[in-house]
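Asks: Chains as they are written, first to last, in the working numbering: chain A, 50 to 335; chain B, 789 to 1099.
These are calculated hints, taken from the structure and not from any lab test.
Just so it is clear, the structure is predicted and the values come from calculations on it, not from any experiment.
Everything hinted at is true.
Calculated lysine-lysine pairs in the BS3-like style (CA-CA distance at most 25 Å, straight line):
# : chain 1 : residue 1 : chain 2 : residue 2
1 : A       : K60       : B       : K996
2 : B       : K974      : B       : K996
3 : A       : K60       : B       : K974
Residues from chain A shown here face chain B by an in silico Cβ test under 10 Å; the list is partial:
# : residue
4 : L157
5 : L174
6 : R230
Where a beta carbon is used, it is the ideal one built from N, C-alpha and C, also for glycine.
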Amino acid sequence: MKNKRSITSRKWTDRLVRAFSIFAVAVAVMSMLWVICTVIYYGHRALRPSFLLNPSRPYGIPGGGIANALLGTIAITFGAALIAVPPAILGGIYLSEYKDRRVICSILRFSATVMMGMPSVIIGLFVYMIVVVSSGHFSGFAGSVALAIIMFPVVMRNTEDMLGLVPYTLREAALAMGMTRTRTTLRIVCFAARRGLLTGVLLALSRVSGETAPLLFTALFSDSWPTTYFSGPTANMPVLITEYATNSPFAEMHQAGWGAALVVMLLVLTINIATRLLIRGQADGH
Amino acid sequence: MFALRTDRIFQWLCLISAMIAGLLMLGFFVQLSLSSVSTWRQFGLGFLVSNDWDPVANRFGALPSIVGTLCTTVIALLLAIPLAFAAALYLVDAPPLLSNILSHAIDLLAAIPSVIYGMWGLFVMVPIMQKHVQPFMVDVLRLHRLPVIGRYIGEYYNGFGIFTAGIILAIMVLPYIYAILRDVIKMTPPVLREAAYGVGCTRWETAKDIVLRYGIRGVLGGIFIGLGRALGETMAVLFVIGNLMDMPEDIFSGATTIAATLANNFAEADCLQRSALFALGLVLLLMSFSIQVAAQYYLHATSARRGESRS
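Can you build the whole structure from these sequences, using the hints too?
Replies: Given below as structure tokens:
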């Protein structure tokens, strides 16, 4: 067998693997820094007050900005949270608190987990058929529905996990005091897990706020202010970046695209890092 | 009495909310099947193996997109798996502070939106591939002259194509595979690893003969999660793959993936072409569904021991 190999060759293999490991970590961290620095380098030149305050304009008209897309993205993302979070938390409560129908629970848990891995482009197709075709026009609302479908399983599974961490004695104490099941769940269990629930929602928000593919099928893009949230194509950041970067040969548009990319990246990374700090604070607090 | 009734109602409300997950999953299949009926009726299963895509003549085939999807995914995984495994191996044993900071840094890779990877790919990676990497591979290393694999490495390059898309996908799926492998390695009982060190194994021997064998199901689960991510990624691929509806000849040629085809053609498609795009969507749905099922099958056994640190 292989045990005949000399100690020197074994040691050298080990050192080689170790070197490769360090190389692997370097590749991962460097790529992250490379992407972020590229976006900052190209993007910071576009960031002027007028760029942040003016709506986007077609090529050739000076003074275009991203304000409408930024507002549109905020509207679409918060719309998605409004649609997804209440049922997702109730669903998570069911999976965690009511364990009387085990088969149904495991089927639902399984579909939520599988849904978390579904390509977002499929969700775009689905919402296109369900909302855009049936209402007859693209709209920011359809975009919200698509993002809500992406958020739903993430928040639901997170809620289940977080409620599972609440000690059973707390529930028993509340029930023994004569509280109803509903009140115990909402006022005691959810309250005890509030920080975990919040981080779940925030992580889901940061995940969908840069999501592009489903918006190409639902919200599309327009140069106007997002007043057409329910009635027509709505401006949003990810589609603006896509349009400016791929469908335009002009350096000026590319510049604006980088500026928009920088804003989206700052938004997403801020939420993400803030959430991580929140989790850390929670771990220290207990 | 009243209290009991609110409890009842609340429980039903929760159940209905939870049911949405199942209904949506079912809804994806039903909706995509219904919308693609005319394609299946016209081309039958031949749709999957036909390689013409001619909107003018109304002839559609899924093969180029499927092949493109598989090629980019394979390249991405070939690059990402060894890197993720090596990185996890190193960081699990690294000093806590270092390991903590670097782990978070790698996790941030997963937080960057894919459209930004796409833009970075288009404006940074493609020129680098075109001016440096691909000339080096073709003109200096002459990889295309190699027997067997040389066939798949083209002589002509322009920076776009399967290879570039594969590299960007590798960077994007790396944090997902890494996160699961890290948990799998941590889950190995310390006593097993200590025993291995005790009988004189090197770190690498311990990793490959003990940790890898012990957590093989978790490792497979992590690979399937990465596979699912790479398969369905749209924006990053769309920017750099070249979007050609032809069969790719080698890894430097422009191609398309299912997701990129959907995003690229949907706006101007009508009637039969739109139905063909839905059929492609159904193919992608079936692929990712089976991959997710496989991932859950492998991860399920290990999830209790890994704890719930996976997001």
